[in-house]
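**Student:** Spelled out, the chains give:
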Amino acid sequence: MMTLFGISPQLLFGQLLIGLINGVFYAMMSLGVAIIFGMLRIGNFVHGAQYMLGAFGAWYLLHLPDLFPGLGLPSLGYWWALVLVPFGVGLIGALMERLFIRKVYDLEHAYGLLLTVGLAMVIEGLFNVRYGAAGQQYDIPASLQGGVNLGFMFMPYYRLWVIVAGILVCLSTWYVIERTKLGAYLRAATENPDIVRAFGINVPRMLMLTYAFGVGLAGLAGVMAAPIYQVSPQMGQSIIITIFAVVVIGGMGSISGAIFTGLMLGMVEGLTKVFWPQASTTVIFVIMVLVLVFRPAGLFGKETVGAHAADMSTARPNSILENGRLWMAILAIGGAILPFLVYPVFGMKMLCLALFACAYNLIFGYVGLLAFGHAAFYGSSAYIAAFTAASWGFPTELAILSGVAIATLLGAIFGWLAIRRQGLYFAMITLALAQLVYFYAIQAPWTHGEDGIQQVPRGYLLGIVDLSEPLNMYYFVLAIFLFGFGVIYRIVRSPFGQVLKSIRENEPRAISLGYSTNRFKLLAFTLSAMLAGLAGGTKAIVFQIASLADLYFMTSADALLMTLIGGVGTLLGPVVGAVVVATMQKEFATLGSWVIVVQGATFVLCVLFLRKGVVGTLEDWLSAREERKRGASVAESVSQPEQAS
Amino acid sequence: MSSQSLLAVRDLNGWYGDSQALHGMEFDVRRGEVITLLGRNGAGKTTTLRAIMGLLRRKTGSIGFVGQEILGRMPEYIARRGIGYCPEERAIFSSLTVEENLFLPPVVADGGMALDDIYSLFPNIAERRHSQGTKLSGGEQQMLAIARILRTGATLLLLDEPTEGLAPVIVQQIGTIVRKLKERGFTVLLVEQNVRFAAKLADRHYVVEHGKVIDTLTAADVVGGIERIQNYLKV
Numbered sequence: 000m001m002t003l004f005g006i007s008p009q010l011l012f013g014q015l016l017i018g019l020i021n022g023v024f025y026a027m028m029s030l031g032v033a034i035i036f037g038m039l040r041i042g043n044f045v046h047g048a049q050y051m052l053g054a055f056g057a058w059y060l061l062h063l064p065d066l067f068p069g070l071g072l073p074s075l076g077y078w079w080a081l082v083l084v085p086f087g088v089g090l091i092g093a094l095m096e097r098l099f100i101r102k103v104y105d106l107e108h109a110y111g112l113l114l115t116v117g118l119a120m121v122i123e124g125l126f127n128v129r130y131g132a133a134g135q136q137y138d139i140p141a142s143l144q145g146g147v148n149l150g151f152m153f154m155p156y157y158r159l160w161v162i163v164a165g166i167l168v169c170l171s172t173w174y175v176i177e178r179t180k181l182g183a184y185l186r187a188a189t190e191n192p193d194i195v196r197a198f199g200i201n202v203p204r205m206l207m208l209t210y211a212f213g214v215g216l217a218g219l220a221g222v223m224a225a226p227i228y229q230v231s232p233q234m235g236q237s238i239i240i241t242i243f244a245v246v247v248i249g250g251m252g253s254i255s256g257a258i259f260t261g262l263m264l265g266m267v268e269g270l271t272k273v274f275w276p277q278a279s280t281t282v283i284f285v286i287m288v289l290v291l292v293f294r295p296a297g298l299f300g301k302e303t304v305g306a307h308a309a310d311m312s313t314a315r316p317n318s319i320l321e322n323g324r325l326w327m328a329i330l331a332i333g334g335a336i337l338p339f340l341v342y343p344v345f346g347m348k349m350l351c352l353a354l355f356a357c358a359y360n361l362i363f364g365y366v367g368l369l370a371f372g373h374a375a376f377y378g379s380s381a382y383i384a385a386f387t388a389a390s391w392g393f394p395t396e397l398a399i400l401s402g403v404a405i406a407t408l409l410g411a412i413f414g415w416l417a418i419r420r421q422g423l424y425f426a427m428i429t430l431a432l433a434q435l436v437y438f439y440a441i442q443a444p445w446t447h448g449e450d451g452i453q454q455v456p457r458g459y460l461l462g463i464v465d466l467s468e469p470l471n472m473y474y475f476v477l478a479i480f481l482f483g484f485g486v487i488y489r490i491v492r493s494p495f496g497q498v499l500k501s502i503r504e505n506e507p508r509a510i511s512l513g514y515s516t517n518r519f520k521l522l523a524f525t526l527s528a529m530l531a532g533l534a535g536g537t538k539a540i541v542f543q544i545a546s547l548a549d550l551y552f553m554t555s556a557d558a559l560l561m562t563l564i565g566g567v568g569t570l571l572g573p574v575v576g577a578v579v580v581a582t583m584q585k586e587f588a589t590l591g592s593w594v595i596v597v598q599g600a601t602f603v604l605c606v607l608f609l610r611k612g613v614v615g616t617l618e619d620w621l622s623a624r625e626e627r628k629r630g631a632s633v634a635e636s637v638s639q640p641e642q643a644s
Numbered sequence: 000m001s002s003q004s005l006l007a008v009r010d011l012n013g014w015y016g017d018s019q020a021l022h023g024m025e026f027d028v029r030r031g032e033v034i035t036l037l038g039r040n041g042a043g044k045t046t047t048l049r050a051i052m053g054l055l056r057r058k059t060g061s062i063g064f065v066g067q068e069i070l071g072r073m074p075e076y077i078a079r080r081g082i083g084y085c086p087e088e089r090a091i092f093s094s095l096t097v098e099e100n101l102f103l104p105p106v107v108a109d110g111g112m113a114l115d116d117i118y119s120l121f122p123n124i125a126e127r128r129h130s131q132g133t134k135l136s137g138g139e140q141q142m143l144a145i146a147r148i149l150r151t152g153a154t155l156l157l158l159d160e161p162t163e164g165l166a167p168v169i170v171q172q173i174g175t176i177v178r179k180l181k182e183r184g185f186t187v188l189l190v191e192q193n194v195r196f197a198a199k200l201a202d203r204h205y206v207v208e209h210g211k212v213i214d215t216l217t218a219a220d221v222v223g224g225i226e227r228i229q230n231y232l233k234v
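Protein chains in written order, with numbering that gives the first Met the number 0: chain A, 0 to 644; chain B, 0 to 234.
In case anyone wonders, no lab produced these hints; they're calculated from the structure.
Sample of chain A residues with no beta-carbon within 12 Å of chain B, all distances over it, derived:
1) 70
2) 173
3) 259
4) 507
Result set (EDC-like, lysine to aspartate or glutamate): computed pairs, CA atoms no more than 20 Å apart in a straight line:
5) 500/A to 107/A
6) 134/B to 190/A
7) 611/A to 625/A
8) 199/B to 163/B
9) 180/A to 98/B
10) 181/B to 109/B
11) 134/B to 177/A
12) 199/B to 32/B
13) 134/B to 88/B
Note that the structure is a prediction, hence the values are computed from the model and not measured. Glycine included, every Cβ here is placed at the ideal spot set by N, Cα and C.
Model the full structure from these sequences, guided by the hints.
**Tutor:** Below is the structure:
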């Protein structure tokens, strides 16, 4: 038997084939994401859920008679599904665009991100409630069963069909966009929607159809995937972050880049499975890192300009709500009383989350960078603190500090890789980097996989204070929180913080004043990572566990949510947001598998109705009241002389 | 008089955010005329065109086009009534070729210019039809921006500072083109700061200041009194 590097051709070609199949799905999915991003400037996080809808759509059509026994409906097979489902999913997409996505076109990327994450959680959560984690079987259509022996390998017909059909769909989409009149409208609308409208083209409707088309592609991929993978509520979740990495590698918004990169990376993944199986889940993310270092705009991307920092701050500089000394005292007193009102453990959870949110707010609120991978800092610090305390017997303070050190190091590295990018691009890169850490934690032996590191000893503070006493632990955590809160306040108020705010408001101007803004941003990002690490390490000691959930991207989404609910760029916003989110999580804990649905709905509702956050709304109300007062006093001073005369 | 107006703007107020840019603009454009809005930077000329096209969100008053109210309509509707817009920044699409740019605006009515006529009016564009849009020089981009709204059958052309930043010889060419367009029966509303360029072309001039019309001059007024306008425009 002939072998290549000691590997049989069957294995090699078999894995290459699997890789190519995966690549076809990557290409179809990232094509949809790239189109939607290019035309609508929306990072479509629900793409995975829409792909899942496609697979379930096919499964539903097959089981129509069982689902609606009274109606005498026929069972519609694969070929029907291939035509009907993409339309159906596209229609759902059009509806979602009309109801939700359209509302955030003119807003900062953060809202679109949170909105689509929320929608994905609602859809996937609902299917999870109904079907659980178990996958449904979907058989290969009868006409495509069997296969052909190519001599060096066995090629199933269905897989051959998927490869050919998938590539054809991608190429025709490319042709329509790059070579036809319709495509010219789309490309023009991407550049300058106002002018295209002023030529008489209904751009809003075109955008809706574009979204529907991209989503329909995901639906089609779902149908084609149904006979290969199991039809399960989780199938979209596991692919979407990889898709985002593919889009980043290909170059944001590049149509041909998405197709080529998708196919190529699928095969690279397949090859990695042959030569180094452990690395196969992470290879795409590693490639992404390399591409970012050497070709920051992606393999096929053009250097984009005009991306700006997101100035979403709702704070007013002289407001009473921004008075750090006052609120530091109030938080210290309130924090001291808190354990007598709620369980200390719940209080500590709020404090850890609040510190995490404050750290996130430092980079997102004050510098305007949409980071979406803070789970990496929070979680890695939690793991390191838990590991050093549990396995090496580090004293508590040292364990937390070790966690902070790792988080800071990661922050510096991630920051260095991502800092040149802004907006959604920055979000996707930080997300993918965080995912790299997540996959590492799944596989590394010392993290104990799904179990996480459990039974971490709380130990003694400075060797004397017993932290297994809830109140002792609580006040230690309170001290850490107040320290972090104070540090952030100092940073923001310092000359350094003023430069950060100037970058947020107008980076080119800050550069023209002679500031090397990238260095400022990098330093701020690293500080933010450090403080997020402080929160994560403390959390690991409090709850005596570090688990995959700490590293999961939902933790990053939570940081964004807390900051938004509270009020972006405000002093108190993250604290308020943390209290709200912690309370919600506590109240919803009884809902079982509905938790995800409710949480997703919260994301969506916040984006639609509470955009300025609690503190931001309060600021508006306060300033309106001041205005009224001033107006009244002006009117008085005007009317009084009149009375006198 | 206003019953014959192709475009009748009445008491037009417009805002960018909280700051008011238009304070009761009023003017008329009759069929077949070339009309200019003259004024300094920031007087509200471009804003007026944007308001006519429906691109300015906050506005009140009335804009009648062919006897129909178009204020508050969507830009795509207004364009399809027969108004062609050539914006100040030219808005040539960089991801499209010259020809794609030219064919981008959809035909909204019969009677648009034939492609051959357009190419004979703009020989440079014909030569460069396969280049990428932004590879053109400033003058060529301006020509293309005008050329692409001639095909559509629009009867009223809004040209926003077509001479801005261009060499005198190109400015002359554009003047010739505007004159030819008038001969072909197009109605033109021209926004200009270049009085010498506008004076020779237009039937009537509206001087705009602080978001409203402060003076109206006919072509005859201008012949002897170019200083009168210069006076308005001098800083």
